[in-house]
Every structure is written in structure tokens, then in C-alpha cells.
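2 protein chains.
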Amino acid sequence: MAKTKQKKEEPIILITNDDSIHAPGIKALTEAVKDLGRVVVVAPDKPQSGMGHAITIGYPLRLQKVNFIEGVEAYTCNGTPVDCVKLAVDKVLHRKPDICLSGVNHGANHSINVIYSGTMSAAMEASIESIPSAGFSLLDYSVEADFSASKTIVRKIAIMMLSKKHNKHLLLNVNIPAIPESLIKGIKICRQAYAKYEEDFIERKDPTGKMYYWLTGEFVNFDKGKDTDVWALKNNYVSVVPVQFDLTNYAMKEQLEKWKL
Amino acid sequence: MAKTKQKKEEPIILITNDDSIHAPGIKALTEAVKDLGRVVVVAPDKPQSGMGHAITIGYPLRLQKVNFIEGVEAYTCNGTPVDCVKLAVDKVLHRKPDICLSGVNHGANHSINVIYSGTMSAAMEASIESIPSAGFSLLDYSVEADFSASKTIVRKIAIMMLSKKHNKHLLLNVNIPAIPESLIKGIKICRQAYAKYEEDFIERKDPTGKMYYWLTGEFVNFDKGKDTDVWALKNNYVSVVPVQFDLTNYAMKEQLEKWKL
Numbered sequence: 090m091a092k093t094k095q096k097k098e099e100p101i102i103l104i105t106n107d108d109s110i111h112a113p114g115i116k117a118l119t120e121a122v123k124d125l126g127r128v129v130v131v132a133p134d135k136p137q138s139g140m141g142h143a144i145t146i147g148y149p150l151r152l153q154k155v156n157f158i159e160g161v162e163a164y165t166c167n168g169t170p171v172d173c174v175k176l177a178v179d180k181v182l183h184r185k186p187d188i189c190l191s192g193v194n195h196g197a198n199h200s201i202n203v204i205y206s207g208t209m210s211a212a213m214e215a216s217i218e219s220i221p222s223a224g225f226s227l228l229d230y231s232v233e234a235d236f237s238a239s240k241t242i243v244r245k246i247a248i249m250m251l252s253k254k255h256n257k258h259l260l261l262n263v264n265i266p267a268i269p270e271s272l273i274k275g276i277k278i279c280r281q282a283y284a285k286y287e288e289d290f291i292e293r294k295d296p297t298g299k300m301y302y303w304l305t306g307e308f309v310n311f312d313k314g315k316d317t318d319v320w321a322l323k324n325n326y327v328s329v330v331p332v333q334f335d336l337t338n339y340a341m342k343e344q345l346e347k348w349k350l
Numbered sequence: 090m091a092k093t094k095q096k097k098e099e100p101i102i103l104i105t106n107d108d109s110i111h112a113p114g115i116k117a118l119t120e121a122v123k124d125l126g127r128v129v130v131v132a133p134d135k136p137q138s139g140m141g142h143a144i145t146i147g148y149p150l151r152l153q154k155v156n157f158i159e160g161v162e163a164y165t166c167n168g169t170p171v172d173c174v175k176l177a178v179d180k181v182l183h184r185k186p187d188i189c190l191s192g193v194n195h196g197a198n199h200s201i202n203v204i205y206s207g208t209m210s211a212a213m214e215a216s217i218e219s220i221p222s223a224g225f226s227l228l229d230y231s232v233e234a235d236f237s238a239s240k241t242i243v244r245k246i247a248i249m250m251l252s253k254k255h256n257k258h259l260l261l262n263v264n265i266p267a268i269p270e271s272l273i274k275g276i277k278i279c280r281q282a283y284a285k286y287e288e289d290f291i292e293r294k295d296p297t298g299k300m301y302y303w304l305t306g307e308f309v310n311f312d313k314g315k316d317t318d319v320w321a322l323k324n325n326y327v328s329v330v331p332v333q334f335d336l337t338n339y340a341m342k343e344q345l346e347k348w349k350l
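Chains as they are written, first to last, in our numbering: chain A, 90 to 350; chain B, 90 to 350.
I should point out that these hints are in silico values taken from the structure, not numbers from a laboratory. Keep in mind it's a predicted model, so treat the numbers as computed, not measured. Some hints here could point you the wrong way.
Now the stretches of chain A that chain B is said to cover, found in silico as 3 or more residues with beta-carbon under 8 Å [stated by the list, open to error]:
# : stretch
1 : 181–188
2 : 202–208
3 : 301–307
By construction, the Cβ of each residue, glycine as well, lies at the ideal position given by its N, Cα and C atoms.
Using the sequences provided together with the hints, build the complete structure.
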């Protein structure tokens, strides 16, 4: 009886990402938390980096049950990371999970990257749905990236998220420096640095002589603040930025009220 | 000489949208402002609604010069609305435009829609690039929507944006009620209402018997505030929400600092 009761109270942890179910990062994330509750994975069937908060309107979505990690229910979806969260809640779980974890992303999602990131948009979608959420990213794009420190960080934050009642819109952007765990100085709560990409499209001709452009760019940080995520990561800290989906610029709202429109 | 000087000082207005260059809304927007400066249109070649802040990483982008409205330089792009802005600045204009206008969207982008909207993400991309920007949306999804009131509003706001130095990150989310111009009570500066979509995927079988899901949902407003965009629109006002790309939740940052991570 006691065991049944315990089972019933087991938290549900929804896991997704934007690098697809085939990425090592989502395996690392799942392994880090799989004993903390009932873990369900719904992840894209192919890479969806840079998809931002895109949703699929124009074509139907598919869910495919797949083998993943023993004891973990897993599905792939042909849509975006945000689609994965919507489908997971509505058609897989048929209820809200207790928390949603996204990642571990292969590559940084600090500062302005939060806007473009499918990893963070998936977590934000869960937050809109009143599910406390976190996106995790390791500052290493490589498929052979070492996720051992990330697993420690994920587990620590997931336990904290599960351990008490938080604001239902809790949404964390967690970035982890690509250094051995022993060199990580700690976890810093930060604000999003003001940075952007200086675009520099590659311009080439295709085999028929027509021009094409390929997006590339250099990350430029304009923000020297020591309270930013960029600063924390450069100084060997894990950065945690609490994120919100209310995009109102309240300071500018006051200025605009003087415009007499 | 005087004329040449005036020509040199003519502001550059970049126009884009997410409904594609074929949508009546972008024609209306362009017509509303085409005498205010040098107007350049770079818009998606196909509908890109719900693309959020997606960027194209995995394949090359194309630009195609097209006939649009007399006296207006126009291009289509095979990418997302955000790609359009990046390409326009880097490969079409080779400089920053004075302002960027996006829309007029066929359908609302108030409250939570700002997160999913390609229209608003294009404007936000320009704002990240320090280009004062605005996204315009009419609360009518129809291809036959009446944009006459929208044209008046667009022109009024564009003139205001051009008339003085603003914060370089000025970013406005303008929504226009689908009523005759004579019934519009005015323009209200608002905050983003807290609302969301209650998902309800259509679940069907394809001709081979496999299940598919199609995203649908009902818009639910949880926010009774009279200072919100939803309230303004319901009460026949045009809503203007100043938007920002710093997603830091500063209130939650203070709480998190007590977590002892």
C-alpha cells in the first residue's frame, strides 16, 4: 500500500530539447534526473536549433514512441520544440507535468541567444502553461561534448525545483561553462547580457549561377556588467537567468504615454 | 542642390511581414508610408505565421527582386521573417534603415501572441539591431480584411517614429480592432495581457491509418486589467505595447538569490 501511495505521488518530469532525441545532451539530462520521478521525453525527430518559439500551423504533427533509456517513456515529434511541449501535455501526459526540463543544449543560450533558442522556447512554452521549467545549455557545440558537469548541475537544479512550491511561471535559463566540474566556481543568478550577433552572410553562387546566402555571424557582447550571464560564464560560474514571457517594456511605456498618440 | 540634399536625408523605411509578400496587409502598410522616405520591402515568399523568432541555419537563403508597388524596391526571401530583416540590413540596404515596420498582420498579435508571431519577431530583430521598429496587426484573419483604418494608424505611428530621436531599441506591438475607422476611440499605450491558448489538437488518422495531430486552440484571457492590450482592443482602442528583448525576470531574480544554489 505504502509503495502504491508513493508511486502516485511521484512527480512527472517532462523532458525535451531542440537538438533532437539523437543528441547526447538530452541523454545526459535524462540520466541526471531519471530517478527523481516519472520521466517522459518528447523531443524533435531532427535538429531544430534556432527555431525560436515557432509552432507548426500548416501541416499535421506526428508522435512516434521510441526506445530511449531504460525505464523512460520516450517519443519523437516531427514538429518544433514548442510543438513537442504542447503535444506532450495535451496528447501524451493528458495533464501538466510537475516540471519541464529542456536540453542539455549543445552550445550557449546565454544573453540574446535566449530569443533564438528552441531549447529555451520549449521551456518558455511550459512556463506559459504554468509548469515550472528550465532550459540547460553547455557552452560546447561538439557532439562529443563532456556532459558530466552538466549532469551534476541539472540534478541540483531539478531537485531544487521539485523540492518546494515555486511561482508557477518559474523559468530558468541555465548555461554551463565547458570546463571540468572541479573548475566550476559555483552557480550565479544573473541578468541577460545585452549582446547580439554581427551578421556576416556567406555569399556564394550555386551550380546554376544563382546567388545564395548562408547565415553566419560573430557574437558581440556590449554589456560589461558583472551581474550578467556572459560575465558569470567567462569567470567559470554556471549562469542562471530567470526568464519571463511578459515582454512589456514598462520603462518605455511611461515614456510613450507622453507621445499623445 | 536643395533637392539633392533633401534626397540624401530621406529616411529609409524597411518593411517586412510574416504573411508573405502576397498578403494584402503588407501592401496596405507600404501604401500608408511610401511617401515618407525610401521604402524597401524584404518579405517572405510564402506564409510564415507562427514562426516566432526562428532563423534559418540549415540551408541557404535566396533573395529575389520582385515587382510590388510602383516606386518601391521589393524582394522576397525564402526564409523566416527574422531572416528577412537580417538579409535586408546586411545584403540589400548595406546599412541600418531609419525604422522597420512589420505587417500589417492578418490576425491579432496582442498578449501572448507576441511570442509566436513572426510579424513581431521581425520587428524585434530590427530592435536588437538598434533600429526603431513596430509590428502592426489587424484583428481580422480574412484575406479580404479592410485595412483602411490600419493605414491611418500605421501612418500616424510611422510619422511619430520618424519625427524625433527615440530609444534605439524602440519596439512597438500595435494591434488594431477590426472595426470601421470612425468607431476607433483612440490609441492606448498598454501592457501585454496575461493570456494563453488552451490547446486542443485535432486527432485524426491519415489514409494509411496512422495518427496525426493538428494544432488548434482557444484563446483564454486570464488578465482583467484595464491597462492591457486585450482590454483596449475589446473597448475599440488601438493597443500599443512597448516590447523588449531583455527577458530577465528581475523580480524572480531577487527570489532566486535566496535559493543558495
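Problem - Per-stretch coverage check for the stretch 181–188 of chain A, three Cβ contacts closer than 8 Å to chain B - result: Contact hint for the stretch 181–188 of chain A vs chain B: violated, 0 residues under 8 Å.
Handout entry: Assertion that chain B covers the stretch 301–307 of chain A - criterion: three or more residues, beta-carbon distance below 8 Å
Key = holds (count 4)
Practice task
Between the stretch 202–208 of chain A and chain B, see if three or more residues pass the 8 Å beta-carbon test, and mark the coverage as holds or violated.
Solution key: holds (count 3)
Comparing the model with each earlier hint shows a violation of hint 1 alone; every other hint is respected.
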